[in-house]
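Chemist: Residue-level listing of the chains:
2 protein chains.
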Amino acid sequence: MSNFAVGIDIGGTTTKFGIVDREGKILEQNRIPTNAHETVQGFISDLYEKLSPMIDRVGGPSNFAGIGVGAPNGNYYTGNIEHSANLKWKGIVPLASMLQEKFNMKVKLTNDANAAAAGEQQYGCAKGMKDFITITLGTGVGSGIFIDGKIVLGHDGFAGELGHTIIRPGGRLHKGTGIRGTLESYASATGVRETALEMLEQFPSVDSALRLIPAEELTSEKVYDCAIQGDKIALEIFQFTGQLLGEALANFVMFSSPEAIVLFGGLTKAGDLILNPTQEAMEANLCQVFKNKVKLVFSNLKEADAAILGASALIWED
Amino acid sequence: MSNFAVGIDIGGTTTKFGIVDREGKILEQNRIPTNAHETVQGFISDLYEKLSPMIDRVGGPSNFAGIGVGAPNGNYYTGNIEHSANLKWKGIVPLASMLQEKFNMKVKLTNDANAAAAGEQQYGCAKGMKDFITITLGTGVGSGIFIDGKIVLGHDGFAGELGHTIIRPGGRLHKGTGIRGTLESYASATGVRETALEMLEQFPSVDSALRLIPAEELTSEKVYDCAIQGDKIALEIFQFTGQLLGEALANFVMFSSPEAIVLFGGLTKAGDLILNPTQEAMEANLCQVFKNKVKLVFSNLKEADAAILGASALIWED
Chain A
5 MSNFAVGIDI GGTTTKFGIV DREGKILEQN RIPTNAHETV QGFISDLYEK
55 LSPMIDRVGG PSNFAGIGVG APNGNYYTGN IEHSANLKWK GIVPLASMLQ
105 EKFNMKVKLT NDANAAAAGE QQYGCAKGMK DFITITLGTG VGSGIFIDGK
155 IVLGHDGFAG ELGHTIIRPG GRLHKGTGIR GTLESYASAT GVRETALEML
205 EQFPSVDSAL RLIPAEELTS EKVYDCAIQG DKIALEIFQF TGQLLGEALA
255 NFVMFSSPEA IVLFGGLTKA GDLILNPTQE AMEANLCQVF KNKVKLVFSN
305 LKEADAAILG ASALIWED
Chain B
5 MSNFAVGIDI GGTTTKFGIV DREGKILEQN RIPTNAHETV QGFISDLYEK
55 LSPMIDRVGG PSNFAGIGVG APNGNYYTGN IEHSANLKWK GIVPLASMLQ
105 EKFNMKVKLT NDANAAAAGE QQYGCAKGMK DFITITLGTG VGSGIFIDGK
155 IVLGHDGFAG ELGHTIIRPG GRLHKGTGIR GTLESYASAT GVRETALEML
205 EQFPSVDSAL RLIPAEELTS EKVYDCAIQG DKIALEIFQF TGQLLGEALA
255 NFVMFSSPEA IVLFGGLTKA GDLILNPTQE AMEANLCQVF KNKVKLVFSN
305 LKEADAAILG ASALIWED
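Quick note, the sequences are listed as chains A and B, same order. Reading the first sequence from the start, the letters are residues 5 to 322 in my numbering. Reading the second sequence from the start, the letters are residues 5 to 322 in my numbering.
One should not assume that every hint holds.
[Claimed, not checked] Mimicking DSS-like on lysine-lysine, the simulated pairs with C-alpha atoms at most 27 angstroms apart in a straight line are:
{"id": "1", "chain 1": "B", "residue 1": "297", "chain 2": "A", "residue 2": "179"}
{"id": "2", "chain 1": "A", "residue 1": "92", "chain 2": "A", "residue 2": "110"}
{"id": "3", "chain 1": "B", "residue 1": "295", "chain 2": "A", "residue 2": "297"}
{"id": "4", "chain 1": "A", "residue 1": "295", "chain 2": "B", "residue 2": "110"}
{"id": "5", "chain 1": "A", "residue 1": "179", "chain 2": "B", "residue 2": "295"}
{"id": "6", "chain 1": "A", "residue 1": "154", "chain 2": "B", "residue 2": "106"}
{"id": "7", "chain 1": "B", "residue 1": "94", "chain 2": "A", "residue 2": "297"}
{"id": "8", "chain 1": "A", "residue 1": "134", "chain 2": "B", "residue 2": "110"}
{"id": "9", "chain 1": "B", "residue 1": "297", "chain 2": "A", "residue 2": "94"}
{"id": "10", "chain 1": "A", "residue 1": "154", "chain 2": "B", "residue 2": "295"}
{"id": "11", "chain 1": "A", "residue 1": "110", "chain 2": "B", "residue 2": "134"}
{"id": "12", "chain 1": "A", "residue 1": "154", "chain 2": "B", "residue 2": "131"}
{"id": "13", "chain 1": "B", "residue 1": "154", "chain 2": "A", "residue 2": "295"}
{"id": "14", "chain 1": "A", "residue 1": "226", "chain 2": "A", "residue 2": "236"}
{"id": "15", "chain 1": "B", "residue 1": "131", "chain 2": "B", "residue 2": "110"}
{"id": "16", "chain 1": "B", "residue 1": "131", "chain 2": "A", "residue 2": "295"}
{"id": "17", "chain 1": "B", "residue 1": "106", "chain 2": "B", "residue 2": "92"}
These are computed hints drawn from the structure, not numbers from a lab. Since the model is a prediction, treat every value here as computed from it, not as a measurement.
Pulled out of the complex, with its shape left as it was, chain A reads as follows:
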């Protein structure tokens, strides 16, 4: 009987990993630097040194269902990390098979956004749902889609890039992709900052505490701090962000008709300031058959644990 799974979340700077039970309790966790390791072999050695004793402390490999990995540009079909812009290891890195060999356990790998969705289904507020979408509103906008109980991967394993869908044709330039008007350019922490800079310029006569913050220090957190004080421009920034996010969500609903959309990440700290306009704009743009059906909720997983939980959840699938 496999009581545990390992969850590994590989980020550009830090890799977090932990031992997770079937109920989503993290028994032990640790972290190592990612890009400090010049080679993937060095990275795996370091990981093995820290993780192997953790595995042994709860009964060794035979007590484990396997290892789940969330990684940038992780491909579920191949188990490879493919051409990640955020990692030092270039080209195609067959990480799943390398880990499998080292740890002698089943390994499943996907990108971090898909892992987050798996975590919501296994332990979070999409528990038991077959059709739902998770949207991570962080520095960027990530997404994981479940349809009929399975992660949507597409013919090549790269489906679910909803942050790159276009919501304002000809709009704000996304520097990473060179494409204009994408969701990520607006509904991310970076996007909120840009909206703030634009609005301060657009409404020079409106008083705002945001004007006291040097441009380079203006963050989405500071916009939130001002908004809860009733600052007009700060409030308008969340209103605008929610409007665009809600329109985008309406489009996603008309694609896959999910039971719920789960929002996650830094921007959700704005609570109702972002949730209310998002919900309103989504409902306003849905055609009749979808109205008042989709649950729009914030994730109930702790942000610090979610990445490890999500990665581990890949193992309990099917």
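Once you have looked at the hints, place chain B on chain A.
Modeler: This is chain B only, laid out in the frame that chain A set:
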């Protein structure tokens, strides 16, 4: 061994049905009026009278895998037609179970756009594909989505309403839904007509043969006739329509990463005039990982046969 399937396509005016073999050959077909029947019972009696002898002529029910039905607002999960605006039979009509009882065969029912997608997978240019999308560019814009070998139905059976996704926020009003800027408002025969009327007004000094056609007689076919003569405004209309359609398709690709998108319906008669700008705009709006991967093709099924073929294909599934 079941050699045949019945395909029934229920339209607002006419219901077409036929006997189809596994290779997609229609052995015999016929049609009855739909809304001329005040009650669904009357409709079924009429259908039985015409269809039953056709079934008997190829060996009777035991030689059939079942009956597939494409119907407006058809719900695959329930087998019901639910609140169709185009049919006289109001409310919830349990058509699948009624047909099952009458014909004593397995019946599967879905909406016409999903049936079209099933047809492409069984007999058309998506043969054998697991991930693809069909878009019908007719009076309206319909869509059917396959992911991992199955029709996407969503939690309620109503997924795949891509014609109602928003591509120009705040744009042209869709009279049916009251929502602005949806794909259907632009990339349908109706939309092309509206674009023509708008452009003729917007560019009063540009010479165009379209000006000789009375407004009420202006159709997408006439725009096509003028475009192949080199008419500048007519060409610009297809360019614009393709641009918007291509942007929308890019969004769909970033959702489900399909192997192909199959275009079908009246507007595809414009050939390269619509295909080229669509392809260009789609590629321009895809982020790197999706570029030059998705096949954008016209359906190779005969329009007259496609609805019956699509409905029959539901039966060969799984």
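Chemist: The structure should be examined with respect to each hint, and the outcome stated for every one.
Modeler: These are the hints, each one checked on the structure:
At roughly 23 angstroms between alpha-carbon atoms, residue 297(B) and residue 179(A) fall within 27 angstroms of each other, so this suggested pair holds. At most 27 angstroms may separate the alpha-carbon atoms for a hinted pair to count; residue 92(A) and residue 110(A) meet this at roughly 25 angstroms. The straight-line distance between the Cα atoms of residue 295(B) and residue 297(A) is roughly 34 angstroms, outside the 27 angstroms bound, and the hint therefore fails. Using a Cα cut-off of 27 angstroms, the hinted pair residue 295(A) and residue 110(B) is violated, with the two alpha carbons roughly 32 angstroms apart.
Annotation: proposed proximity of residue 179(A) to residue 295(B) holds, straight-line Cα distance about 17 angstroms (limit 27 angstroms). Of the pairs offered as hints, the one joining residue 154(A) and residue 106(B) is violated, with about 36 angstroms between alpha carbons and a cut-off of 27 angstroms exceeded. Between residue 94(B) and residue 297(A) the CA atoms are separated by roughly 22 angstroms; this keeps the pair inside 27 angstroms, and the hint holds. Proximity of residue 134(A) to residue 110(B) is assessed by CA-CA distance (about 26 angstroms); at most 27 angstroms being required, the pair is judged to hold.
Simply put, residue 297(B) and residue 94(A) have alpha-carbon atoms about 22 angstroms apart, close enough for the 27 angstroms limit, and the pair holds. Pair hint residue 154(A) plus residue 295(B) holds up; C-alpha atoms about 25 angstroms apart against a cutoff of 27 angstroms. At roughly 26 angstroms between alpha-carbon atoms, residue 110(A) and residue 134(B) fall within 27 angstroms of each other, so this suggested pair holds. Straight-line distance between C-alpha atoms of residue 154(A) and residue 131(B) comes to about 23 angstroms, which keeps the hinted pair within the 27 angstroms bound.
As the CA atoms of residue 154(B) and residue 295(A) are separated by approximately 25 angstroms, the hinted pair is consistent with the 27 angstroms bound. Simply put, residue 226(A) and residue 236(A) have alpha-carbon atoms about 14 angstroms apart, close enough for the 27 angstroms limit, and the pair holds. For the hint linking residue 131(B) to residue 110(B), the alpha-carbon distance of about 24 angstroms falls within 27 angstroms, and the restraint holds. A threshold of 27 angstroms between alpha carbons decides the hint, and for residue 131(B) with residue 295(A) the separation of about 35 angstroms lies outside it, so the pair is violated.
Of the supplied pair hints, the one linking residue 106(B) and residue 92(B) holds, its CA atoms being roughly 21 angstroms apart against a limit of 27 angstroms.
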